[in-house]
Amino acid sequence: MNTTAAGTIGYMAPEYALWGYLTYKADVYSFGIVTLEIVAGKNNSKHRSEEGYVCLQDLALVLQQTGRLMELVDSRLETEFNEEEAIRMMKVALLCTNPSPAPRPIMSEVVNMLEGRTPVPEVTMDLSIFRDEERFGALREQLNQIQSHIMSSSQPSESAAMLQDL
Numbered sequence: 001m002n003t004t005a006a007g008t009i010g011y012m013a014p015e016y017a018l019w020g021y022l023t024y025k026a027d028v029y030s031f032g033i034v035t036l037e038i039v040a041g042k043n044n045s046k047h048r049s050e051e052g053y054v055c056l057q058d059l060a061l062v063l064q065q066t067g068r069l070m071e072l073v074d075s076r077l078e079t080e081f082n083e084e085e086a087i088r089m090m091k092v093a094l095l096c097t098n099p100s101p102a103p104r105p106i107m108s109e110v111v112n113m114l115e116g117r118t119p120v121p122e123v124t125m126d127l128s129i130f131r132d133e134e135r136f137g138a139l140r141e142q143l144n145q146i147q148s149h150i151m152s153s154s155q156p157s158e159s160a161a162m163l164q165d166l
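Counted the way UniProt numbering counts, the sequence shown spans residues 1 to 166.
Rather than coming from a laboratory, the hints here were simulated on the basis of the structure. Among the clues, some could well be false.
Stated by the list, open to error - Estimated spans, in silico, between C-beta atoms of each pair: (1) 43 / 116: 36 to 44 Å; (2) 80 / 20: 38 to 46 Å; (3) 41 / 115: 17 to 25 Å; (4) 76 / 21: 19 to 27 Å; (5) 38 / 117: 17 to 25 Å.
In this text, all values refer to a predicted model and were calculated from it rather than measured experimentally. Using N, Cα and C, we set each Cβ at its ideal position, and we do this for glycine too.
Based on the provided sequences and hints, a complete structural model is requested.
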C-alpha cells in the first residue's frame with residue numbers, strides 16, 4: 001500500500017501534496033492550474049519570472065489583486081479572443097486554486113460560471129503568504145534542486161524518495 005502523495009508538483013492541491021489528504025476538490029485545484037496555463041500559454045511549474053514569483057498562480061493572484069489580470073493572457077493571441085471570457089476563465093481558475101479546499105467551487109459550479117449562468121465571485125486572498133521570502137525562498141530552492149535531480153537522475157526510485165522527504 002502506497003501512503004505517499006503521487007502526482008506532478010505544481011498541479012497537486014496543497015492539502016494532498018502536504019498531508020496526503022485527497023478530496024474531490026483536489027481535481028478542482030488541478031483544473032484551475034491547467035486553466036491558468038491555457039490562458040497564459042505558460043507552464044505553471046516551469047514559470048520563473050524576474051519579479052520572483054513562485055509559480056504562474058502566484059503571478060495571476062498578484063495581477064488580479066492589482067487590476068492587471070489581462071496581462072496574464074498569452075500575448076501570442078494578440079486580439080483574437082473575447083476579453084470578457086478570458087477574464088471569467090482566469091477568475092474561475094483562481095477560485096479553483098484556492099490553497100484551502102473549502103472555498104473552492106465544485107465542478108458543476110465551475111461549469112455554470114464558465115458558461116456565464118452564474119456570476120464569478122471575486123477572489124480574495126492574503127498575498128503576503130506568497131511574497132514572504134523567508135517562507136518561500138527555501139521552498140523555491142528545494143523545488144529547483146528536486147527538479148534538477150529528477151531531470152538528471154537515472155534512478156527513478158531516488159527521485160521518488162526525495163519527493164517523499166518533502
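A quick look at each hint next to the structure:
1. For the pair residue 43 and residue 116, the supplied restraint of 36 to 44 Å is violated, since their beta-carbon distance comes to about 28 Å.
2. A hinted range of 38 to 46 Å for the beta carbons of residue 80 and residue 20 is consistent with their spacing of about 43 Å.
3. With their beta carbons about 23 Å apart, residue 41 and residue 115 fall inside the hinted range of 17 to 25 Å.
4. Evaluation of the 19 to 27 Å hint for residue 76 and residue 21 yields a failure: the beta carbon distance comes to about 38 Å.
5. Checked against the given bound of 17 to 25 Å, the beta carbons of residue 38 and residue 117, roughly 21 Å apart, stay inside it.
In summary, the structure is inconsistent with hints 1 and 4 from the numbered list given earlier, while agreeing with the others.
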